[in-house]
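Here the structure of chain A is known, so what remains is to put chain B in place on it, guided by the hints.
If you read the sequences in order, they're chains A and B.
For the first sequence, our numbering gives the first residue as 1, with consecutive numbering after it.
For the second sequence, our numbering gives the first residue as 847, with consecutive numbering after it.
It cannot be assumed that every hint is accurate.
If you want the ones that stay clear, here's a sample from chain B, every Cβ over 12 Å from chain A, calculated [what the hints assert, rightly or not]:
#1 Asn905
#2 Tyr918
#3 Asp946
#4 Asp962
#5 Gly965
#6 Pro991
#7 Pro993
#8 Pro994
#9 Ala996
#10 Leu1040
#11 Thr1041
Derived contacts from chain B toward chain A, CB cut-off under 8 Å, selection only [claimed, not checked]:
#12 Phe899
#13 Arg957
#14 Trp983
No lab work stands behind these hints: they were computed from the structure.
Using N, Cα and C, we set each Cβ at its ideal position, and we do this for glycine too.
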Amino acid sequence: MTNLNLSSPFAQATRAAAAFLITAVTLAPMAFAAESTEAKPYRPPVQSLIPPVEQTRGTFVDRFRQLDEVLPTPNAYRNAAGAPGHEYWQQEASYRIDVRLDEDARRVIGSETISYTNNSPDSLRYLWLQLDQNRFKDDSIDYRTLTVAESERLSFGELRRLQFMRDFEGGVALTKVASNGRDLPHAVVGTLLRIDLPSPLKPGGSIRLEIDWAHNLVDGKALSPRSGYEHFVDDGNDIFLLAQWYPRMVVYSDYEGWHNKEFLGRGEFTLEFGDYDVSITVPSDHIVSSTGELANPNQVLTPTQRKRLKEAEDAERPVYVVTPDEALEKESIREQDTKTWRFKAENVRDFAWASSRKFIWDAQGYRQDDADNPFVMAMSFFPKEGDPLWSRYSTQAVIHTMEVYSRFSFPYPYPTAQSVNGPAGGMEYPMITFNGPRTELRESGERTYSRAAKRFLIGVVIHEVGHFYFPMIVNSDERQWTWIDEGINSFLQFIAEQEWEDDYPSRRGEARWIVDYMKSENQVPIMTNSESVLQFGNNAYAKPATALNILRETILGRERFDFAFREFSQRWMFKRPTPADLFRTMEEASGVDLDWFWRGWFYSTNHVDISIDKVTELKVSTSNPDVEGEAKREAYLAEPISRSDLNNAEIEKRVERLPWLNDFYNENDPFTVSNQDRNDYGDYLESLIEPLHSNPNWKQEALAQAIEDDLNYYVIEFSNVGGLVMPIILRLTFEDESTEDLYLPAEIWRRDPHAVRKLIAREQRVTAIEVDPHWETADVDVSNNHFPRRMIPSRLEIFDPPPTPGDIPDRDLMHDVTVPLKSDPATEPGAVDPVPVTSAGLGERG
Amino acid sequence: MSRNRRYYGGAHARGALGARRPKNCLLALGLALFLAALFATPTSHSHRLKSAFTTVLFNERSGRLEVMHQFYLHDAEQVATEIVSQPDGAGANLFERAEDRQRFAVYVHERFSLFDQDGEQLPLTLRGAEIDGEFLWVYQAMRLPEPPLAVLVMEHRALRDLWPDQVNTVNVEGAGPIRTLTFRDTVSRLSVDLTEQ
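Just chain A, with the same shape it has in the complex (with noise of 0.2 Å):
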């Protein structure tokens, strides 16, 4: 089969001298360095949960196949689209607590009802609890396995801890555990309690525990627990933050059983959703912020106080509850009797609540568009040490993560959402958060606080209560997948920053920064148990919070992707969903096929480095030789004179002297056209008819119309040096500057992971090719994404150019920050600078 003649070798090879039927031009090509340019030797991955398929002999390797065998079997529980399957179940546990806080003991004792129900189709013949508060008990799993960073000297906080644990009595006193009444028997086992049932507890049916308890709160400054007291020495008043306080149940699943793994620290918890009905009873002149709505303020609330609330319900900027001078006030008087606040929850997996006579208190309503739930009130408590910043930013930020994250899943579905300032520094349960940033007391009695805390006071706010959604309402297991929720909550709160002001900081090419770690060694895949990986941080939030916002912009686009995560997130609204859930769901409802993409982000450990290796020009040829013997004369007399014939002008030529030694070729340069050539031609023409197809001449017509378009045809070579495949996105630079931006889908790996090939043709010549021109995939290297070869700087040679030979020695900072100031920088930001340490005095580089 004749093939249309790109770049067949000329078969007449009786024309010696320059190929009639090819311009083929491969530009540039001196300019790839040998060690960039060629292909990487491919080194598969060196750690993948499930090696897609790899052959013993060649090295194909099947980045597409179907997840399906490695996702656990789709089942009545949880069906194969991604949705909760007809007979899913989950347990029930709902609570009647009263609870004391005593406050000069820094205890509380509390007796708590537990209604469980049992939905599952299995007998149950024990229960598990949490007991979380006996991690401080020094006999502890957690406390024993302690460790300290160094040898020889030991920080401040750890010798806290030590001094804090040594006089603490920790861990729950239980004084009570029955069932109508009946004492059941029971097993503390670490941080978990079993109740042995006098008999089964059958699918369907419920139980009534009673339970009456105790534990000492832990200094929340010494350990940085999630909860406990934190205490002010200039006052002598603490604030209170409750978590974790309560015996409460395990969870059972369909997919796990019992939950119960020993509470360790890090690695968080799931629960089991209910109502809650609890009582609090607490110093009168406290102030307590709680999951659930108030059901008594009549009792505990002053008239101004409720006037307020009321006014704050329809206000355009938060409403103080309890003022700041009324809260400064009363830090100095303790009033001696007791007040019992009294809240209630409905279909929340977890409660939590904090208290303190310093919590300056401020609200606004928030209406959204939801039957269901159409106004939900917004409110912040914090003492004075966070002022002026809470009173500015934290009920707003409250506010503005409903308005956002509301759009991307559902309408926020509980009464209330809190933020309150304790010694916590960033923590989430339903309904409350409890957020750490404080600001700074100047000598004059001012506070203040640097650019850098109120982006932190807004993150961490938007974080936490992001937190409603992903995992209070969405239930996942934080402690087995701790980046469902966290990589979830970190890709939403950047989106929710960036609508919060204009050069919040750019989160522009936010693929970048997650570079550097999936280039190093060591990872591990994000699909691995939270309690034992390596690089937490980067697993758990930054590498899936970056692989979804790459499914969002690159891959799926936003339209689909984020009608695909409304619909898991509403799915499983008040349910709990595991990764093959989400994984499941995103493709169903966005039609994309996505395995390849969950494979490589998400249970590999490659890295995205995609390179481009070659790039060959070509234009059709007419074939025709009057057209191209005159094209190839025309190119051979624009080629350079070599030297040697320039040297050689002036000599008088043999030819010349003897004018009869002259023939037919010298009359005719190689070039010259000759009948045969055109009978040739001829030939060729008619060759190309295949007269049994339909259209016999589809082939000379297919000429004719390229010779007519008088395309440039590319074929750009790329190879995947990081074996994670990646869509492949061009930038076209032609010969008029300007620039067409193409995509071509990841897909395009599927017959070949390591190499492709890839053909465009376009009506200009292209004077330069980009991959991935805005950083928008996690590319690692991308000192290979360009054709022609660009030197690539690294950051330190942009910021400090290093010096040329002979330039004065480098200047040496260590020293140069001893010489006196000699004006005050403070006063004239970036102004006078005599340490240009900087090149930005304020904000961010472009």
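Just chain B, lined up with the frame of chain A:
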């Protein structure tokens, strides 16, 4: 001051452990204040963990061994606040004050060291610091060692001396395949064999 202690029912009094107020009388007021300042915001478990990233690059093109540290701006500012004592009680302000950035850079410079195979410390100089997005970058450099190193030994204590759970990751690039070192927990010195390919 005395308080009326009331108990719910009898169950709590019976068998309940007496609560002892945890002692902080070990610390004099001044020391307590100092320590309180030292631990401005404890590690939050739900939020991003304390981590920093460093690239050590053998850069043939510039002729230098380049060290580029990447810290979360907020973490750096917390540290800067702890190590810098401002006269008027303010914390560090890395955005607005070059001096605070410099001091943080010096802090890092003093805690990051490179050594050759014989244990000789390599002469890194501090090149400066800058903010980019939510990160603070600190730069160090020196001329590429001649003759080329066979083994690179490293210490990286920045932030780890204040926060026991800080993790510092280092990528060594430009000398064969990328090698990664992780400084955490009790690790003090790590080394990379630069001759292996």
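Right, here's what the structure says about each hint:
| no. | hint | in the structure |
| --- | --- | --- |
| 1 | Asn905 | 6 Å, violated |
| 2 | Tyr918 | 9 Å, violated |
| 3 | Asp946 | 9 Å, violated |
| 4 | Asp962 | 20 Å, holds |
| 5 | Gly965 | 18 Å, holds |
| 6 | Pro991 | 15 Å, holds |
| 7 | Pro993 | 19 Å, holds |
| 8 | Pro994 | 17 Å, holds |
| 9 | Ala996 | 19 Å, holds |
| 10 | Leu1040 | 14 Å, holds |
| 11 | Thr1041 | 17 Å, holds |
| 12 | Phe899 | 5 Å, holds |
| 13 | Arg957 | 12 Å, violated |
| 14 | Trp983 | 7 Å, holds |
Violated hints for the displayed structure, listed by number in ascending order: 1, 2, 3 and 13.
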